[in-house]
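*Asks:* Residue numbers (this note's numbering), protein chains in the order written: chain A, 648 to 985; chain B, 648 to 985; chain C, 648 to 985; chain D, 648 to 985.
To be clear, the hints were calculated from the coordinates, so they are not data collected in a lab. Misleading hints may appear alongside valid ones.
No distinction is drawn between identical chains; accordingly, a pair holds when it is met within one copy or between any pair of copies.
The calculated SDA-like cross-link candidates involving lysine to any residue, where the alpha carbons are at most 20 Å apart (straight line), are [stated by the list, open to error]: (1) 807 / 975; (2) 807 / 707; (3) 807 / 714; (4) 807 / 692; (5) 807 / 981; (6) 807 / 939; (7) 807 / 853; (8) 807 / 980.
Spelled out, the chains give:
Protein chains: 4
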Amino acid sequence: MLRVGVNGYGTIGKRVADAIRVQPDMEVSGVAKRSPDYVAIGAEEAGFRVYAADEDRIDEFTAAGIDLAGTVDELVADSDVVVDATPSGVGAQNRPLYERHDTPALFQGGEDATVAEVSFNARANYDEAEDADYARVVSCNTTGLSRLVAPLHENYGIEKVRATLVRRGGDPDQTDRGPINDALPDPVSIPSHHGPDVQTVFPELDIDTIGLKVPTTMMHVHTVNVTLENEPDDATDIRERLRSEDRILTIPEYAGIDGAGTLKDFALDAGRPRGDIWENCVWEESITLQGRDLYLMQAIHQEADVVPENVDALRALSGHLTGPESRSLTNETLGIGF
Amino acid sequence: MLRVGVNGYGTIGKRVADAIRVQPDMEVSGVAKRSPDYVAIGAEEAGFRVYAADEDRIDEFTAAGIDLAGTVDELVADSDVVVDATPSGVGAQNRPLYERHDTPALFQGGEDATVAEVSFNARANYDEAEDADYARVVSCNTTGLSRLVAPLHENYGIEKVRATLVRRGGDPDQTDRGPINDALPDPVSIPSHHGPDVQTVFPELDIDTIGLKVPTTMMHVHTVNVTLENEPDDATDIRERLRSEDRILTIPEYAGIDGAGTLKDFALDAGRPRGDIWENCVWEESITLQGRDLYLMQAIHQEADVVPENVDALRALSGHLTGPESRSLTNETLGIGF
Amino acid sequence: MLRVGVNGYGTIGKRVADAIRVQPDMEVSGVAKRSPDYVAIGAEEAGFRVYAADEDRIDEFTAAGIDLAGTVDELVADSDVVVDATPSGVGAQNRPLYERHDTPALFQGGEDATVAEVSFNARANYDEAEDADYARVVSCNTTGLSRLVAPLHENYGIEKVRATLVRRGGDPDQTDRGPINDALPDPVSIPSHHGPDVQTVFPELDIDTIGLKVPTTMMHVHTVNVTLENEPDDATDIRERLRSEDRILTIPEYAGIDGAGTLKDFALDAGRPRGDIWENCVWEESITLQGRDLYLMQAIHQEADVVPENVDALRALSGHLTGPESRSLTNETLGIGF
Amino acid sequence: MLRVGVNGYGTIGKRVADAIRVQPDMEVSGVAKRSPDYVAIGAEEAGFRVYAADEDRIDEFTAAGIDLAGTVDELVADSDVVVDATPSGVGAQNRPLYERHDTPALFQGGEDATVAEVSFNARANYDEAEDADYARVVSCNTTGLSRLVAPLHENYGIEKVRATLVRRGGDPDQTDRGPINDALPDPVSIPSHHGPDVQTVFPELDIDTIGLKVPTTMMHVHTVNVTLENEPDDATDIRERLRSEDRILTIPEYAGIDGAGTLKDFALDAGRPRGDIWENCVWEESITLQGRDLYLMQAIHQEADVVPENVDALRALSGHLTGPESRSLTNETLGIGF
Ligand SMILES: NC(=O)c1ccc[n+]([C@@H]2O[C@H](COP(=O)([O-])OP(=O)(O)OC[C@H]3O[C@@H](n4cnc5c(N)ncnc54)[C@H](O)[C@@H]3O)[C@@H](O)[C@H]2O)c1
Ligand SMILES: NC(=O)c1ccc[n+]([C@@H]2O[C@H](COP(=O)([O-])OP(=O)(O)OC[C@H]3O[C@@H](n4cnc5c(N)ncnc54)[C@H](O)[C@@H]3O)[C@@H](O)[C@H]2O)c1
Ligand SMILES: NC(=O)c1ccc[n+]([C@@H]2O[C@H](COP(=O)([O-])OP(=O)(O)OC[C@H]3O[C@@H](n4cnc5c(N)ncnc54)[C@H](O)[C@@H]3O)[C@@H](O)[C@H]2O)c1
Ligand SMILES: NC(=O)c1ccc[n+]([C@@H]2O[C@H](COP(=O)([O-])OP(=O)(O)OC[C@H]3O[C@@H](n4cnc5c(N)ncnc54)[C@H](O)[C@@H]3O)[C@@H](O)[C@H]2O)c1
């Protein structure tokens, strides 16, 4: 039984904690949180042991009626491995803490690739993390692109990828983020950092990405062009391959799903926890082939798609299951696939 | 066992169907839907018998692989009572259908009050629906106001209510609704229709409402001023009374909940189905008393607050439980109260 | 000829500078700006002398090809009076600079009332600023409320004002401000600071305000209830009085103006510089009287309504014209009134 | 003096009318409008002769105090040429009216290409409209793409264009348009209709476009990839060529312009009527060259970019000036170029 500490219990951390909890081979040793807000209260009500990430704020937790199990240092000491899901940049600052305790750790995509030996995607490079002590689960956008690239690369070869990432301005709970009425080039320079990030997973891949930020909160949308090396028979061929990928959901035309609003509604109807969509969502109607040029559009639930990847990365680090074994166990326990 | 047919399986209909299903004294005889989209597929996967609301589109259902149980006429015939949750105005057109089958029915708040003998709110006037064949569950906004008015009225007497309703432009799945970048007086005339609608529940109440529509999808927000007849001791007195109401959630300051985004996040964390918040959400910090003048702000989850009301209204119509009995059974089965 | 320096050339500063320029009795001695962006370039192209607000960034101005006239210290030295339009809180830090040069100054509504002897609204208390060295032009929302309060107070007496302010989340150029999909109580506590701010202009007024922030950028919208001391004949009476106010625009129903989008479109069609609407915009259809209770809705162009107030405040400080003389000169030169 | 009637005086029509008015060789014979709203009132105040587009509504105009000059039939009779700027699809219905009067006409991009002999862009194919009686000025997006394609095609040759169009959901005055919180594939199928529309101007061009709709009102944003036939020296080479195009504005990095909000602010500061940006706005920092692959991002002011094109198209139809003569006259009279 792998004992996993979750340091940083926010959008990603709380989802990863819930996902770990339903695995047969791991358990949550505790979660660390900075402030005693509704999320911390939720952690306690969910039965997690709560640790203070910031010693100076222990009194605030007490005032809010939260029973602390200790400080983050104690959490790390009590864990076989840590998932660091603190805000971008804080993970790198935390690495010495994990080293001091000689505790392996996972970092998230908000960190620079240099934070860990390996940048991880379960579909693409599970094996590379098997000898590592530290791995970084790549960001939501990079995860979404990697899952698409992997099967295309294997089946047809890829000459070049060009993608535009129309990114949500903030998560639903981030009420201080904008823009309100603008579609912002972000970054203005091309290629955006997302392309190089995909290359941490596929070092040889020729990929150019462009980023924008728009006033939405629910999902990112990618418009993707892939020039394949070998021409597929037809778009149906591509569609079938994507359909057979376990972490890709292909949306049929008759479903009447036109965007993130209906996608989340669909996931909530299906009883998904928090309406989470762990899969890439590819519109079947958008899959188009012009010679060797493939086009498609996909939506990525930024809060959710990295969650199964974290679970798999934990097994890769600990080394007790192979990639296929881990992925299929994760899929089954979470209920991936509609 | 009350057999309930749900005619119109959209935002409200699907939630009411799920709520009925967990009641010990009722069951869903089937649901009627017009188009075979993801919501219809979801109905079938949830195990509901699906009926075609539109005979001309039966083939489309077949094409989408949905097994129809029949047409809406058959659904009505096979039900003891119908919940009509079709779009505004369609309910009134459906009334002759229910009359023809001599089947009692509930309508929703999008219909004119004249569609039924009684306009219903479980907290305020359960008893009035006990002899009725047809009742209308008042709209999300009216439900939210009625729940607030009832305890204030009982405890302090109400001289006058003045409320501004800052309404969400559309539900998350309604991608064709605006506005995008405007806060629209809607209606421009004052009082808005909401005040008179509250008076269908509290005929004697002096209430003026003003409506606006803003570019949000998650919840309505009400700013409310109530001039009470008798001055309460202090704001704490009010807060305690509201806290003790079963369908009002009071939000403490330390929770760090600043709006609908964090409220829904909180509800999803708590495992609520679809993140539904059946309760009025009143910010404790906003509860202010200036002499006999009470002020507060509340958020109303438009998709959810009428759901328990529908369940109670079904029992009021069928007459087998009293108001307090029904409300407490509904609360318990749904998990109302955090 | 009053020589006016404008310190802080942003949303408000650039509009005030343009407004001063068209006055026969004043001129702009120069404008001070921190960064050499498009706004600074625009200042130079408009023919204003540009001063550096920050000595450390002089080189950046040179690099962008902007010819600096000096530093802000020199601007103050060369001005009879300064309009400080720096960001909230910076004005107070600048006051010692103005005192050192013995130069009178105007501050904006983002500063605390204590920044100056007088909080100013041209319609309500012009005379109070006549002996002052420092005055604060109240905020956009307070200006909008004061203009409405003044004629009602004079004609009917006011027992109480209750207003909900549905505020725009950010100005059109503030792309980092949210919320994206939320209507936030802001502040959550009631009354919001706006009520007390109106009392800096009308010390005796009984007023309670509630604030919200929504995902719009163009205008604030106020829903206002005023309990009058003396009952007017009818709503028409009120409408005519408001129509006769020079800085209130009443919107007739046939105009088809439903919100800020159409209002700005209308102002741009009319050739208004920057589409600025200096007037309060009151929907005629919303003006409603229930006994002594008046209701109405108004939209306030946050970027523009304080501009004529600044011009008048300059004359009040310098003392060479009376309030009525100044207001009518300002109205005429700017083209106030449609 | 070419007498031009403008049929349909909305977003596009009113801008075209104003643009015609400042030309030395044409005048507006009148404008036709359906409803007597603020736009109609503005037309009259601007001194245009107003004609009723709908005979049944003449009384409404009278009630609103608008003096009608006649009906649309009379307007056509009194014009040498008509600019039809009615809503999408209405133009085609109007064509018989123009034919009956033997009056040449321009249509807008909302019509199918088949509405006229020529699809027009001033930079790309002015000459093709010289013998035509009817021409269609292509849509805002197609105009924006054509202006970019033309110089690249001439200087380097184009192998292929791939573009993602992140389109504004509605114009600022269209308060009933969404989405509120979604980035919608629109259309879901690829290529979107925009590519074929560009081919009405460049029949040989290999172009694939993808369309999305987002909750913004101010401008469209295009991410563009062009595979050139001949490799330019470097990105600077491209930038200089685009800079030298009269209807392309290149945005330097130091300007601090990050999106549509600041772009419009900049245009309003510069005194542009209605803040109109007739030029494509290309971010210099985004211009990137990877071998023969060019990338860039541009913003397109949907309400404005087709306006100079309409003016030029009028001259092409009437045949009295060459393309270069017309374009330079239009640029000069409107003040194109910052
Ligand atoms: N939100 C997304 O869409 C998303 C998607 C993929 C990856 N990520 C990455 O995941 C990481 C976490 O992002 P998030 O969105 O969950 O952030 P978040 O802000 O929602 O949560 C971060 C949590 O860390 C806590 N925290 C802050 N400082 C801390 C510290 N010093 N020590 C311990 N805990 C601390 C906060 O209280 C909060 O609970 C980032 O690297 C981010 O880039 C985020
Ligand atoms: N959505 C809300 O926020 C909300 C809140 C409270 C009350 N209501 C009221 O509830 C009612 C339903 O609203 P909704 O938001 O659920 O609408 P919806 O559009 O989400 O769902 C309506 C459903 O009825 C079906 N339908 C359409 N025409 C039909 C017909 N002729 N016969 C049978 N079914 C038909 C549609 O396919 C759809 O499934 C309305 O009266 C509305 O005013 C809605
Ligand atoms: N924008 C509005 O809606 C609005 C409405 C009414 C009143 N106000 C008030 O007007 C004031 C200015 O607001 P704004 O919206 O124009 O801000 P802004 O940010 O648009 O402009 C402020 C300007 O001041 C400059 N600046 C920053 N620090 C400076 C310093 N130390 N010295 C000199 N200049 C400096 C900035 O470069 C910028 O040009 C604030 O008090 C604000 O509360 C704003
Ligand atoms: N708005 C844009 O962003 C944009 C950009 C480029 C091209 N276009 C195209 O320009 C055309 C006009 O679009 P718009 O945005 O100006 O529309 P609009 O709705 O703003 O204006 C259309 C005008 O036509 C009038 N009208 C309606 N029916 C009429 C009829 N039967 N006869 C005469 N007048 C009638 C309306 O009253 C209105 O004044 C469309 O083809 C559109 O696709 C629009």
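*Asks:* Would you mind marking each hint as holding or not holding in the structure?
*Replies:* Hint by hint, here is what the structure shows:
no. : hint      : verdict
1   : 807 / 975 : neither (30 Å within a copy, 41 Å between copies)
2   : 807 / 707 : neither (53 Å within a copy, 40 Å between copies)
3   : 807 / 714 : neither (53 Å within a copy, 44 Å between copies)
4   : 807 / 692 : neither (48 Å within a copy, 40 Å between copies)
5   : 807 / 981 : neither (33 Å within a copy, 43 Å between copies)
6   : 807 / 939 : both (11 Å within a copy, 13 Å between copies)
7   : 807 / 853 : both (5 Å within a copy, 18 Å between copies)
8   : 807 / 980 : neither (35 Å within a copy, 46 Å between copies)
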